[in-house]
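Asks: Listed below, chain by chain, are the residues.
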Amino acid sequence: MESFEKYSQEFEQLILNKEYSLLNKNELQQLDAEGLSEEEYYQIRETLLAIKEMDSEVEFPSEHVKSKLLDIFDEGARKQARIIVFPMWAKLTLLAAASIALGLFLFNPNSTIYNTTNEVASNSQSSANEDQVINNTSSESNTVSTDQTPIIDNTLKETNQVDELQSSDESISTNTNSDNQMDVSEISMEEAPTAIVTSNTSVSNSQPATLTTSSIPTSAFKWTNSIESEKTDNVENNVIVQSVSLADFPNVINQTVTIY
Amino acid sequence: MSVNYSTLSDEQLMEQIIARDKLAFSALYDRYSPRLMSYFMRLLWNNRELAEDCLQELFIKISRQPELFDITRSFRPWVFTVATNICKMEYRKTSRKGQSVSLDLAPELADNSSNISERIDKKAFSKKLKEVLETIDEPHKSTFTLRYFEELSLKEISLVHNCSEGTVKSRLFYALRKIAGKMPQFQSI
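Protein chains in written order, with numbering that gives the first Met the number 0: chain A, 0 to 259; chain B, 0 to 188.
Bear in mind the hints are in silico, worked out from the structure with no lab data behind them.
Among the hints, a few may not be true.
[What the hints assert, rightly or not] According to the in silico footprint, chain A covers these stretches of chain B (three or more CB under 8 Å from chain A):
hint: 1; stretch: 1-8
hint: 2; stretch: 47-60
[Claimed, not checked] Which residues of chain A face chain B? A partial, calculated answer using Cβ under 7 Å:
hint: 3; residue: A49
hint: 4; residue: I50
hint: 5; residue: M53
hint: 6; residue: P60
hint: 7; residue: V64
hint: 8; residue: F72
hint: 9; residue: I133
Predicted model only: the values in this text are computed from it and were never measured.
Just so you know, even glycine gets a beta-carbon here, dropped at the ideal spot from N, CA and C.
Please work from the sequences and hints to get the whole structure.
Replies: Here it is, written out as structure tokens:
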């Protein structure tokens with residue numbers, strides 16, 4: 000078959016133009032290689048000649064096929080006209096513009112989300128102010144606490160069950176805990192759950208006791224000159240330490256204070 | 000300025016079709032539809048309806064995606080490649096349906112097999128040839144049709160079938176030998 004492939008183009012001319020008897024030795028060897036006999040040679044020759052002489056039969060399609068195809072072509076042309084085709088450079092430009100816009104949106108140095116410096120400064124300033132206030136309060140608190148330590152110590156020593164130290168005097172009462180803030184005059188002795196007696200009195204859990212300021216040694220207080228009464232919470236001792244304005248002291252001193 | 004489409008080459012017409020020129024499409028259809036219709040008829044069991052459907056399918060492809068054709072190449076092998084592929088699809092459909100792709104020989108011709116000296120009737124020969132063509136397998140039939148009916152060169156046929164020219168020669172020889180062997184009644188000797 001390989002030899003036929005090699006000489007095939009010539010074979011068509013050969014078989015059409017030459018009788019078998021006129022073939023030379025080389026051509027006969029080629030035909031033998033393909034196993035082509037003389038009879039078969041002439042058979043192919045006659046068939047090939049008939050095909051060549053055969054009128055080419057042409058088939059024509061129906062007319063409606065063409066009209067339908069032209070309609071389809073028109074439709075396709077209309078569709079293509081509606082589609083806006085962007086060239087490549089336009090697509091790339093649009094893409095670049097979109098990327099830049101996105102970048103500016105995300106990484107804009109003038110954006111307010113990056114104004115953290117000012118906010119941090121104001122926060123630190125605020126924090127510094129708060130620290131200062133706390134320090135001032137602490138120093139005052141320490142002063143009061145230190146000054147009133149003897150009384151507190153006495154109170155703690157005498158009453159282990161003390162939860163709160165409350166004054167009935169309006170000028171003194173600065174307890175911010177509204178639940179515990181109450182007018183002492185309205186409390187009867189029977190209702191008092193516990194009684195705390197300071198100074199030289201005895202302590203009892205069942206009976207309320209009356210404490211007068213006269214029984215408190217004056218040396219236990221060191222009054223400050225602050226105008227307003229202040230309160231600080233001594234967290235460690237769980238006791239409210241109070242300071243009283245000196246101007247109000249005469250009124251206070253005449254009051255009978257009941258301490259629970 | 001009017002364009003004389005009959006003077007344009009196939010490739011130039013395709014360029015115009017890519018530019019959505021309806022008249023170019025019409026000219027190309029007029030130029031190729033008879034040949035392609037005949038080709039489809041020969042390859043698709045002389046089924047005219049099926050051949051028209053395939054022809055329509057081919058030109059729809061051309062109208063919708065003309066850019067698929069590379070205008071730097073020859074149009075004729077390309078269009079016959081598309082046509083051959085459509086035929087192959089039809090063969091697959093037919094084989095899936097379990098139908099036979101070969102046709103029986105015409106009774107009147109089969110009865111005349113003994114009369115070998117009878118003068119060759121071209122019409123009868125043509126009819127017989129069509130029938131014999133149906134009995135050979137697809138690549139040989141297609142190669143033979145393209146060579147002797149559509150008169151494509153060996154190189155063009157090799158492009159259509161995406162094979163070497165040697166393979167085309169071999170297929171032609173095989174087809175000729177088989178056809179000649181099945182048409183003894185038309186031999187003059």
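Asks: Determine for every hint whether it applies to the structure shown.
Replies: Here is what the structure says about each hint:
Coverage of the stretch 1-8 of chain B by chain A is violated in this model, with 0 residues showing a Cβ closer than 8 Å to a Cβ of that chain against a need of three. For a cut-off of 8 Å, the count of residues in the stretch 47-60 of chain B with a CB near a CB of chain A stands at 7, and the three-residue condition holds. The interface hint given for A49/A is met, as the beta carbon of that residue sits about 5 Å from the closest beta carbon of chain B, less than 7 Å. A hinted interface residue such as I50/A counts as satisfied when its beta carbon comes closer than 7 Å to some beta carbon of chain B; here the least separation is about 5 Å, so the hint holds.
Annotation: interface hint on M53/A holds; nearest CB of chain B at approximately 5 Å, less than 7 Å. Interface hint status for P60/A: upheld, as the beta-carbon distance to the closest one in chain B is roughly 5 Å, under 7 Å. Among the interface hints, the one on V64/A holds; its C-beta lies about 5 Å from the nearest C-beta in chain B, closer than the 7 Å criterion. The criterion of a C-beta within 7 Å of any C-beta in chain B is met by F72/A, whose closest approach is roughly 4 Å, and the hint holds.
For I133/A, the interface hint is violated, the least distance from its beta-carbon to any beta-carbon of chain B being 80 Å, above 7 Å.
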